[in-house]
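Protein chains in written order, with my numbering: chain G, 1405 to 1841; chain B, 1405 to 1841; chain U, 1405 to 1841; chain Y, 1405 to 1841.
In case anyone wonders, no lab produced these hints; they're calculated from the structure.
You may find that some hints are simply not true.
Heads up, the list lumps identical chains together, so a pair's fine if it works in one copy or across two of them.
Calculated pairs, DSSO-like style, for lysine-lysine (alpha carbon to alpha carbon, straight line, at most 27 Å) [to be verified]:
{"id": "1", "residue 1": "K1837", "residue 2": "K1460"}
{"id": "2", "residue 1": "K1508", "residue 2": "K1496"}
{"id": "3", "residue 1": "K1469", "residue 2": "K1504"}
{"id": "4", "residue 1": "K1460", "residue 2": "K1810"}
{"id": "5", "residue 1": "K1832", "residue 2": "K1760"}
{"id": "6", "residue 1": "K1431", "residue 2": "K1810"}
{"id": "7", "residue 1": "K1832", "residue 2": "K1796"}
{"id": "8", "residue 1": "K1837", "residue 2": "K1796"}
{"id": "9", "residue 1": "K1668", "residue 2": "K1641"}
{"id": "10", "residue 1": "K1793", "residue 2": "K1641"}
{"id": "11", "residue 1": "K1496", "residue 2": "K1513"}
{"id": "12", "residue 1": "K1668", "residue 2": "K1793"}
{"id": "13", "residue 1": "K1695", "residue 2": "K1810"}
{"id": "14", "residue 1": "K1712", "residue 2": "K1469"}
{"id": "15", "residue 1": "K1469", "residue 2": "K1549"}
{"id": "16", "residue 1": "K1460", "residue 2": "K1513"}
{"id": "17", "residue 1": "K1549", "residue 2": "K1504"}
{"id": "18", "residue 1": "K1668", "residue 2": "K1496"}
{"id": "19", "residue 1": "K1513", "residue 2": "K1760"}
{"id": "20", "residue 1": "K1504", "residue 2": "K1668"}
There are 4 protein chains.
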Amino acid sequence: MSNNSSIYGMLSSVFERAIVFSKSDDKRSITELCDALLSGRGEATGTKIAHALFNKYETLSHEDKQEFFLHLNENLDVSPDEAEAAAADYAKNMSAEALKNLRKICEPKRLELLRRLNSAPGGTERLVRMREDLLGMLNDIGRLKRTDVDFEYLFSSWFNRGFLVLRPIDWTTPAHILEKVISYEAVHEISSWDDLRRRLLPADRRCYAFFHPAMPDEPLIFVEIALTNEIARSVQKVLAEGRDEIEAEEATAAIFYSISNCQKGLQGVSFGNFLIKQVASDLAYDLPNLKTFVTLSPVPAFTRWLAKASKEEPDGKAHEALGAVLGIEDGEGLERITSLQGSLTELLAHYFLNEKRPDGLPFDPVARFHLGNGASLLQINWAGDVSAKGLKQSAGLMVNYHYNLKDVEANHEAYAQDRVVVAHKSVKALADKARLG
Amino acid sequence: MSNNSSIYGMLSSVFERAIVFSKSDDKRSITELCDALLSGRGEATGTKIAHALFNKYETLSHEDKQEFFLHLNENLDVSPDEAEAAAADYAKNMSAEALKNLRKICEPKRLELLRRLNSAPGGTERLVRMREDLLGMLNDIGRLKRTDVDFEYLFSSWFNRGFLVLRPIDWTTPAHILEKVISYEAVHEISSWDDLRRRLLPADRRCYAFFHPAMPDEPLIFVEIALTNEIARSVQKVLAEGRDEIEAEEATAAIFYSISNCQKGLQGVSFGNFLIKQVASDLAYDLPNLKTFVTLSPVPAFTRWLAKASKEEPDGKAHEALGAVLGIEDGEGLERITSLQGSLTELLAHYFLNEKRPDGLPFDPVARFHLGNGASLLQINWAGDVSAKGLKQSAGLMVNYHYNLKDVEANHEAYAQDRVVVAHKSVKALADKARLG
Amino acid sequence: MSNNSSIYGMLSSVFERAIVFSKSDDKRSITELCDALLSGRGEATGTKIAHALFNKYETLSHEDKQEFFLHLNENLDVSPDEAEAAAADYAKNMSAEALKNLRKICEPKRLELLRRLNSAPGGTERLVRMREDLLGMLNDIGRLKRTDVDFEYLFSSWFNRGFLVLRPIDWTTPAHILEKVISYEAVHEISSWDDLRRRLLPADRRCYAFFHPAMPDEPLIFVEIALTNEIARSVQKVLAEGRDEIEAEEATAAIFYSISNCQKGLQGVSFGNFLIKQVASDLAYDLPNLKTFVTLSPVPAFTRWLAKASKEEPDGKAHEALGAVLGIEDGEGLERITSLQGSLTELLAHYFLNEKRPDGLPFDPVARFHLGNGASLLQINWAGDVSAKGLKQSAGLMVNYHYNLKDVEANHEAYAQDRVVVAHKSVKALADKARLG
Amino acid sequence: MSNNSSIYGMLSSVFERAIVFSKSDDKRSITELCDALLSGRGEATGTKIAHALFNKYETLSHEDKQEFFLHLNENLDVSPDEAEAAAADYAKNMSAEALKNLRKICEPKRLELLRRLNSAPGGTERLVRMREDLLGMLNDIGRLKRTDVDFEYLFSSWFNRGFLVLRPIDWTTPAHILEKVISYEAVHEISSWDDLRRRLLPADRRCYAFFHPAMPDEPLIFVEIALTNEIARSVQKVLAEGRDEIEAEEATAAIFYSISNCQKGLQGVSFGNFLIKQVASDLAYDLPNLKTFVTLSPVPAFTRWLAKASKEEPDGKAHEALGAVLGIEDGEGLERITSLQGSLTELLAHYFLNEKRPDGLPFDPVARFHLGNGASLLQINWAGDVSAKGLKQSAGLMVNYHYNLKDVEANHEAYAQDRVVVAHKSVKALADKARLG
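Looking at chain G on its own, in the form it has when it is part of the complex (with noise of 0.2 Å):
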């Protein structure tokens, strides 16, 4: 970018320009120069030879980054043998010397190798970027998992929540980040900056995102709210042009309608549920007359679970749902599966307090996030989603996750170590009426 006036450019690191400026010339291959960042030279000039790494990588062949991983996986990886000796000696005289030993021992050297390319220029974000290209390996050689786990451990480490900016977004944001919000929105597609404007802009609409200080233009994670008079069951309602707009104050609800991670590189490390309940927390701080935070929520695996129960039921209500649901044809909007509202919405309420994977938790992935974080499931939204997206998924239905700050400890606790979905005594109604056959 041509300049960059922007209050976010304060936050990145100053590099050695010299160093920036100057184009590498680095003759070494990408193995050398993992051995030169390794060595003790790499103390003296790491941030030279880390820049010029990565020129090196960014541009390699996928092949040739395969390799490169494979070098790092393989001949950068902890010795079992020494790992077993360093645990006996840590065993024998429990020292701080051996405890560091054992440590060093137990850690790929790799991980030294991660940790000195990130003094280069936009290290983090290269980092980021290299794991995503890792990320797309994993399918077809699954060894490099191993590299793989300490990307994560590494991430984990770094974007720690305590390192972790909260920023608004909203209409007076740089556009250079507004277009990422643009291009990373994952839940309800924003189709053109008039989209977007309708979301950031009025005054019953908020945007928030966590961002890196080592990583300032790019957002981590956003959520969106929309700020109303009651719980809000329909997201096109919600994202109406020409809707009734209210002022922030009058507002007693928070509707957290869509939340999006943006960063590929960066998966394992969990950041929704902090948002959320930083978000939650700061605007109850500052409009006093916010009473309910509940989330509007897809249910982005309902059609795949009845496609699975109608297999395993031929004759049964999935079956028929399932059947409905698929026929319905593009620019089609609920007509045709009306008659299926009330069996619809029961198997719904099953699907999430009954269905459970082999470890005892939901089906539902959305499900998992917000249970996980203390929600509760608080009612299901009939035509909640009325897109062919939303259909095709969720034969457009939506629920609300009940976001009660008192209650989102024990809510925790009885899911973390019992499984209990905590829901709405209406939801529970719904599923003890559902019936499968």
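Guided by the hints, dock chains B, U and Y onto chain G, whose structure is given.
Relative to chain G, chains B, U and Y alone:
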């Protein structure tokens, strides 16, 4: 502080304000809070528990703090048996899960506790202060070094050079930062705000510090620089009131005359190497006339070594020199030892080039730092620091280390691999003339 | 806007928040509020009254606004008798008091009213909007020009170049500013956010705007620049999608291809002269390879002049040319007039050099602006703007005005004193060949 | 200053850097530069000429500066003949042109010169410094007051309250601003940086200043405030080291104990009224427990009046009191006059309520300021300021003026129209008891 209008404030994370503003009234003991923070419950409400734990800790007596650290040390340690088993398991199947498990097992549980504590408001700084306390106990309770190993490991990862922000410190810097610079200056005391102003305001002075975004009001390390027309040989001349100032653009040399670490709790995490090189590189870019980058450094262990040599050879030159140096009385300058200029200078050259620790590295700590960074020993300056401290520690001698960015890598390697002290031939010539006996 | 996290926000004054947040419920009429604001009482609580007056004004109908302006115009005017007396008094004793009194008497009371209105929150912008209303009434009610004289006088003083802030506009600029750039672009329409991005993001594009600190979210004027390797002759090539970009450092020419005033209410206050010269000077400093600073400008009144000339000489070249130009149909390009390239180019040269208004200045308004700034007319470009607007206004022709910073002063003087149109000899040669008859 | 990393720096205009960095080598005399700046040429290259003129001016001797001002005064003045003609013309046709011409004619040409000077880098501040010089000459050369009338007029318009920025001054404020606060404090001297820190850092202290965006490093006026639980009666208690601090939220009263104008060159432009009211209003909004807003003010002319009264009535109470006050020796406190507490307090009440200037306004300048703002006189404090200055000026007495935001308007009107000194009945009672004879 009542109002924070500073730009530094923008770096810091925003935290759940309900937490920050509420007084913590958690009734649990500190070990119960440790358990809670490490439990699943800690995931749901970690920020709050972490805040309560710090609040508790910060009011503990010295003895209770020791108890707390002993709890971390003994009850949240690695289990050697589990470690051996995990190593064996990894040897057997080399899977990602086994590797993940190996690291988890070989990492004391207290490390995860520290990471979770970081989510509290001001967590990073509070952890640094906590380690300060711990460091003060290591002499008395040696086994706590095991816990310190974890602090050092964590801080080394978190204060990675890639996360540090370089900032100029000048006369437009907020006062609460400047007052810390005054207080942290460790080499040549800053006696007053006027003294500080003389070091920051003139066109031929510079000061830079590294900050971490999670501790935006706390410099980690800073360096003070004089821009000059010749290599400075006397710190009193550099700091003299009423000296002639020059325009920055005219200067040909940058003299790094003071470098101070600020945070005791970050002991063992090295910043100086990076700081000097980045600042040298930046200055070279901004001021193309600058050709020479040198330090003006004390020799803090010289008279200590004289005393040692004196004991070993009671009739030697070192003994004579030591006697003269020790005989200097308060308020006297160098007069009493002027006649010894030749032999003291030679002894110092010898001290640098030939006196080694058992590990083969130079006796002088400042020499180890700069030579380890790849600098070379350029020259020895008689009457370089005639303050009481300068006379007492180093017989008034100072030296210049030379950072020639082109030689830094080779120098570093020669030093790191072969313990070579790279020195100018004039220093070598002096050392050759030195006679201890 | 719900949240303002923008740096621009920091420029704005902080106002008594009790005032900003309270709804104004002042029951007085707008003329009573005028009286109150001008009275002594206005000194005690001026900000509040000013806010109430604006609130009242902003809800008035068009007719009531006219009434308000007529009140200012007739009842808060200069008294000619008092003016004559004050002039006589000053002639007599030439004292400071007499001078002060003379100015006070010769200054309409409404001017003081406007100054006091400025103390309201957002006062400056609200005054600019108020004048926009007034300007729209001058055609109907000519005598209101007296009141407009005062607005123009005041704004000329307040928007003095010494108070303007130059800011780069780029892709990191807040969206609410960028959306104004889209809306205010007056020369070559910005059709979408993607179009804007193409003008701001590439390394060889620049945009700068003047802001006033009291209206930090409102650009006053902005200029768009292309950095190129040769003098651009076609605006469509400058703006083409998929064109080859170059590095800014490689560019040798800066093409000012669009300059737009943003605030109708600031009519008569000139910023463009300052803007172009400062930007040229700044670019020359940052990018030493830049040697040539030229505009790529439309000729907005060319076909209008052709029509005039055509009427005067119905059988002449102008008539023929005009007919061809008007005959171009929607969707056609230049084809229909290709054969006239020679004669149109010559007519244009003639139009610039020989066609004058009664005051002796060139007929073309853009020419008057740039020549008045001290630029010279460099060359005429066939097919410079083949858009419908370009064809219609100027037969697709564009010109380059040259800002040679060394000649600017002399050019300006020749133009200002002797009405000399400084032009390149090639343009003069064309004009010499031109034949109207 | 070498580096400017301060947020204040972002307020300032960016100027043509070629101008700022080039040394001005214009050979023209200052009057030639005046002519050039006022000529058409000045429009083309005004910024450059303005910079050259300031550079020239700033190196002139006192005598040459006088010559310069006399040139402005005599040669760039209003022509009374033209003024009379313009007034007559306006009387005749009342057109916009005639009005415009009238003002132009009645405005000295030097005013346009000052406006054009403002376009130089740092122009606004340089003009303020220029007027400082001028003010120093008015005693010697009275007729220069005509030129000063224009400076005052221009600054009153440019430093309109709508352009001022209120900023908190606290311990995070840049040092170069704080050092000006130390230097500009005019009421209760700030003796050191530690003293400053005690006034800024504690939770129960506040300080605010007005800035102008074109002079971002120069406070215009600032006020220091103590948040307390009762109306403070002694400035020494307010400023005592080691006093008990309270939380801001607990405070019920805000004591404005010092207010200082900073810029001599802005004499006659009033900021204090706005500052106090805005700060009171803001504090009331932030800290809802604050109910009382009062000053703790000196009585700077009390002993001067005692001397006057003493002369008029050599045997009266005033004479006795004055003698005792003057008899206080260095280092003594109030002891010597304790017995006079009653009569001094009564005399002071009388002084406020009954002693007037010929224009009917109170004798005391501080009283005129606060009463003119609409404050009322609340109480008289014995031993309010026992510093040497306090004893000498006001016999150690201080008073509280009360800013009751609800009464301010009515108080102001009573004072402005009828010269009523609004005072608490207890003060009136004291005045009634006062006996001069």
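Open item on the list: When Cα atoms must be at most 27 Å apart, do K1832 and K1796 count as within-copy, between-copy, both, or neither?
Closed with: within (25 Å within a copy, 71 Å between copies)
TODO: Could you figure out if K1469 and K1504 sit no more than 27 Å apart (CA to CA) within one copy, between two copies, both or neither?
DONE: Only across copies: K1469 and K1504 sit 23 Å apart there, 32 Å inside one copy, limit 27 Å.
TODO: If the cutoff is 27 Å on CA atoms, where do K1504 and K1668 land: within, between, both or neither? Let me know, please.
DONE: between (33 Å within a copy, 21 Å between copies)
- [ ] Tell me, please, which holds for K1837 and K1460 at an alpha-carbon limit of 27 Å: within, between, both or neither?
- [x] Intra 62 Å, inter 50 Å, cutoff 27 Å: neither.
- [ ] Indicate which option fits the pair K1832, K1760 if close means a Cα-Cα distance not exceeding 27 Å: within, between, both or neither.
- [x] This pair counts as within: shortest intra-copy Cα distance 16 Å, inter-copy 78 Å.
TODO: Classify it for me, K1837 with K1796: is the Cα-Cα distance of at most 27 Å met within a copy, between copies, both or neither?
DONE: within (24 Å within a copy, 73 Å between copies)
Open item on the list: Within, between, both or neither: how does the pair K1431, K1810 come out at a Cα-Cα threshold of 27 Å?
Closed with: Result: close only across copies, 17 Å inter versus 60 Å intra.
TODO: Please work out whether the CA atoms of K1668 and K1641 approach to 27 Å or closer within one copy, between two copies, in both situations, or in neither?
DONE: neither (30 Å within a copy, 38 Å between copies)
Open item on the list: I want to check one pair: K1695 and K1810. Are their C-alpha atoms no more than 27 Å apart within a copy, between two copies, both, or neither?
Closed with: within (12 Å within a copy, 35 Å between copies)
TODO: Go through the copies and call it for K1513 and K1760: within, between, both or neither, with a Cα cutoff of 27 Å.
DONE: Neither: 40 Å inside a chain and 31 Å across chains, both beyond 27 Å.
TODO: Check K1496 against K1513 for me: Cα-Cα at most 27 Å, and say if that holds within a copy, between copies, both or neither.
DONE: both (25 Å within a copy, 20 Å between copies)
TODO: If the cutoff is 27 Å on CA atoms, where do K1460 and K1810 land: within, between, both or neither? Let me know, please.
DONE: between (52 Å within a copy, 22 Å between copies)
The structure fails hints 1, 9, 14, 18, 19 (numbered hints given earlier, in ascending order).
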